[in-house]
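S.K.: Residue numbers (this note's numbering), protein chains in the order written: chain A, 1 to 114; chain B, 1 to 109.
Everything labelled a hint here was simulated from the structure, so no lab data went into it. C-beta: ideal position from N, C-alpha, C; glycine also. Careful, some of the hints might be misleading.
Cut-off 20 Å, straight-line C-alpha distance, at most; resulting in silico cross-link-like pairs (EDC-like, lysine to aspartate or glutamate) [unchecked claim]:
#, chain 1, residue 1, chain 2, residue 2
1, A, Lys-66, A, Glu-102
2, B, Lys-3, A, Glu-22
3, A, Lys-66, A, Asp-88
4, B, Lys-3, B, Glu-14
5, B, Lys-3, A, Glu-102
6, A, Lys-41, B, Asp-11
7, B, Lys-69, B, Glu-92
8, A, Lys-66, A, Asp-27
9, B, Lys-52, A, Glu-102
10, A, Lys-41, B, Glu-14
11, A, Lys-20, A, Asp-88
From chain B, some residues computed to sit far from chain A (all C-beta separations above 12 Å) [said to hold, decoys possible]:
#, residue
12, Asn-23
13, Gln-45
14, Ile-74
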Amino acid sequence: GAVVSQHPSWVICKSGTSVKIECRSLDFQATTMFWYRQFPKQSLMLMATSNEGSKATYEQGVEKDKFLINHASLTLSTLTVTSAHPEDSSFYICSAISVRTEAFFGQGTRLTVV
Amino acid sequence: DAKTTQPTSMDCAEGRAANLPCNHSTISGNEYVYWYRQIHSQGPQYIIHGLKNNETNEMASLIITEDRKSSTLILPHATLRDTAVYYCIVRETGNQFYFGTGTSLTVIP
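Next comes chain A alone, as it looks inside the complex:
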């Protein structure tokens, strides 16, 4: 299957700082990328949908000024958690799709805010 890579796999940051997570599609061009958040023992919650070259569409209840998404190319999308707080600690996962119908997921980034 197609490969989607996330970086970093885990990160610890201090409260009030910003953290950037990268999502790359390694062997295909992703027309659309999705960002999810997953808390322990819960399912994946869709945060936003991003299309290359346009603004991301955020799900209800997700603050767009706090979770900045940039999708500058067909192979790269970034999620920046701004002014992170302990309640932002979570597992963040991206996925990417192309002309095929199925989505492929990154391995996830575990963010811990201390």
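Since the structure of chain A is provided, determine the placement of chain B on it from the hints.
M.R.: Below, chain B alone, put in the same frame as chain A:
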């Protein structure tokens, strides 16, 4: 929002077939049925998808009822590595993937 209902958990003996059901009674004609699984602390892995015909690949088989209101994912010979949370998702091409609560499958030695 998720439009599927799955049992919370299931057990399966190693080497036996695992049959995971999914109800999607409000599925529309353009929506596909997708199955993904997530092993602890990893990103979801694509398994299979279908529209109305049964599908089979190297990982699993997908049986969709004629009225498309339910489906079953079949892992023909479950191994310990198949222990994971399995998600059934209905989605129209071009739309988002919304995850429900999934089924936690435990394969027992």
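S.K.: Hints first: check each against the structure and report whether it holds.
M.R.: So, going through the hints one by one against the coordinates:
1. Lys-66/A / Glu-102/A: violated, 29 Å
2. Lys-3/B / Glu-22/A: violated, 30 Å
3. Lys-66/A / Asp-88/A: Within the cut-off at roughly 10 Å; holds.
4. Lys-3/B / Glu-14/B: violated, 30 Å
5. Lys-3/B / Glu-102/A: Answer holds: Lys-3/B to Glu-102/A is near 17 Å, not above 20 Å.
6. Lys-41/A / Asp-11/B: holds, 18 Å
7. Lys-69/B / Glu-92/B: With Cα atoms ~15 Å apart, Lys-69/B and Glu-92/B stay inside 20 Å; holds.
8. Lys-66/A / Asp-27/A: Violated, because 30 Å separates the two Cα atoms, which is more than 20 Å.
9. Lys-52/B / Glu-102/A: Roughly 16 Å between the alpha carbons, so the hint for Lys-52/B and Glu-102/A holds.
10. Lys-41/A / Glu-14/B: violated, 24 Å
11. Lys-20/A / Asp-88/A: Distance of about 13 Å is within 20 Å: holds.
12. Asn-23: Answer for Asn-23/B: holds, closest chain A Cβ roughly 16 Å.
13. Gln-45: violated, 7 Å
14. Ile-74: At about 18 Å from chain A, Ile-74/B clears the 12 Å cut-off, so the statement holds.
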